[in-house]
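> What follows is the residue order along each chain.
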Amino acid sequence: MTSPLDPIKEALRQFSSSDDQTREKGFSTLVARSRPFLIAQFSGSRLPEADREDVIQDVFHRVWRARHRLDFPNAGSWWRWIRTIASNCMVDMLRSRDPSISIEDLENSEIPDDELELIDDLIDAMDDRRRLYRLADEVFLEIPETMSERDRNRRLFAAKMLLIDKLPWQTVCRMLNAGCSEDAQVSRKQLDEWVSSPSLLRCLAFSELNWDNHRLCEYLLSGSVNAPSARPWTRTTPWSADEAFAIQLRFQHVMLLDQVVARLSDRLTKSQLISVFDSCAERFPFIEIVRRLNADFDFGRRTREPLSSQGLWHRLVFQYYSHNGLPHRDIFDRTSAAAKEAGYMITMGMLNVGLSNGRLFKRLADHLAKKENKDAIKQSAR
Amino acid sequence: MPLNSQRDEFSNGATELLQSIALTAPRIPDVFEVDLGQLVAYIAGTLDRAGAGNVEAAAVQDANLRRRLVQLAPTIDAFKRIPYAELLSASVSDLEMRARHEWLKIIDGHVKLVTTHLRETPPTRWLALSAMAKQGPEGLTAFKTIWRALFTQPVRGVAADGLLRLGFGYRRSELAPDQASLDIGIGSPWSIDSADFVTQFFGQVHPNGDVEISAAVRPETKADSLFVSFSMSGRTLALTEGKIVDGRVRVVLEGLADILRLPVGPLSQEALSARTGGWPEQCEIGQIVVESGPRRPPYLGLPTVRDGWLELTGYFEESEIGGKWELSVAVSPNSWQVLHRFDIKGVIERPQVLQAALPKTALDGPFGGALLLKRLGPTIV
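The listed protein sequences correspond, in order, to chains A and B. In this text, residue positions in the first sequence follow our numbering: the first is 1, and each later residue adds one. In this text, residue positions in the second sequence follow our numbering: the first is 1001, and each later residue adds one.
Among the hints, erroneous ones may be present.
What the hints assert, rightly or not - Derived list of chain B stretches under chain A, where covered just means 3 residues or more per stretch with a C-beta under 8 Å from a C-beta of chain A:
#	stretch
1	1013-1024
2	1068-1079
Stated by the list, open to error - Facing chain B, according to a computed beta carbon distance under 7 Å, are these residues of chain A, among others:
#	residue
3	Asn153
4	Gly179
5	Phe284
6	Ile287
None of these hints come from the bench; they were simulated from the model. Beta carbons: idealized from backbone N, C-alpha and C, even for Gly.
Could you build all of it, start to finish, from the sequences and the hints given here?
As structure tokens, this is what we get:
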């Protein structure tokens, strides 16, 4: 049984096996992982929607036919190759309909050789989302590379209990120390050090401000800050059933306005939908969260710096972009007003420029390259 | 660097590829579901590292979960103070009932493991403890429970909150590695009670964490075995009974150095003791911690399980009226559960058998878990 969550590296290893059963297993995983990628490649292309599935099938047929000749040393080489094959299949399909069609505007943009290594490293990291986000935390939130995931979570857990939940330090220590060995016990002094760390406070602010699409949708439907576990339709909601459905399409499934209009044209007009979505945007919780965090952070030795730091907002933009799949406009809607409240400026122009040309990815790739270089030096020193 | 900085870019081709992969890669759930049983186990300290990490990761995301966790802690504390038999039938709210169910599972599981694996005549020995620790995660937790209850001390700074009052040892950071073994000894030099019989006695810590102990015994010694023990923080751990073969004894104690964090090399002489004819007296209290305050501690027999009851025979010399003795059992690495409170009135010259109900999971035989007998009183709050 293969799953899209299976590591692609393992699938590639299986795919190059001489054993047919192992090869088929690897192929099955590659198909599961690559299908969404191909769909994304063809969306917005000149390939008619009705033909896309045929082209995808053609891509996988070509992969299977060439199986004995293929060898992928890393995930990056697989993705680059499948992207090229997809482009070729699309051209073939379009030309079968219209031989005079020009292929210049159908071809993929080239990837310069000097970027390949960085790209491949980053693609490897992308295979494990947690690793990708970990990189983003290190780059944007400045979480130390040496801090383990568990350690970071313990500190965040402590900071949330202390600063967000306003629990006394004794209770916080008690909870933290309940399950750990005697040499990992946390004292009040340590706790104070933790919550004075700007990187941890940035991390905490990110954790509070980063709402996935599902949570935001639940909140909009219910109006509750801590989206309760009960299903939205069991609660009192200010929306009609059609409006609630539209909100789900727009904010949970990230459909664009025109797509929602097309989907619900028999139930709600475009102006009604715009009104509902504007009303939702007014109810976004993010400004209020920034105000609360400002109050939470603004005492003792702590400052508001973590909230106005560009790293925090870059991290949020990256998350909304790479995890939530939000278009630039939606990212702007979710961040700009809250950032302004925090003392940082985000404009639509900055977002458009910042998210084009892979600048945020480039920073992750550079960081990853430095890390791997460090590791290599350590290894050779041993 | 501003978001729209013109430097540090990828080419269009690389950007398109990265974006397509990033936007279509599968999403892994951020945290795992955490149920009430895991929350109770987290508070009790019985989760392994990964399990505790999951609870913390989930609690970071979910304010309701944090609230529930904090609410549960005093509830569990209250359960610990209710004698076991009463706890089974205590009237509680719905949430408390579910929490109690989970707490009882922890107690029952520990008692089952202990009565299954520590069935030898007390004192509980290292070999039995370490064998239990190898019985999966539960065995390891049961081991930690007994170890912390009997052989460690409160840590400064965290004792005041109540939950962690018992069962915490020295911190590694407080001891220089080369002093660790010296500081945990009982302070007496080279403790060989049967020095007339033992001519050589040597302990060696190996890099793999094992401790090897070897001894030579005079040929005229009639004893069959040597009782080897280790002292730390004023308590003595029975290590093993080494058979004397051709005038020599050699035993290997797997993993002992890892637990005690002993440095590799010769073992500190102050910490070891060996004798013929039985265990050192300190080992007798290794099984049961007695907190009698200024009063004379009772003389206690060996705890035994019989038909679901823990029986403990004791001689009590009481000069006060109205006090009670409270018997508890260590059930998790940070918790003692009260089993029963006993009225001991007046000066008793006869032995009294204290009986306390145990979970049905208890097997008959000697009880190898950690017990706490504490004098309360005269007024119980």
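> Hints numbered earlier in the text: which of these fail when held up against the supplied structure?
Violated hints: 5, 6; rest satisfied.
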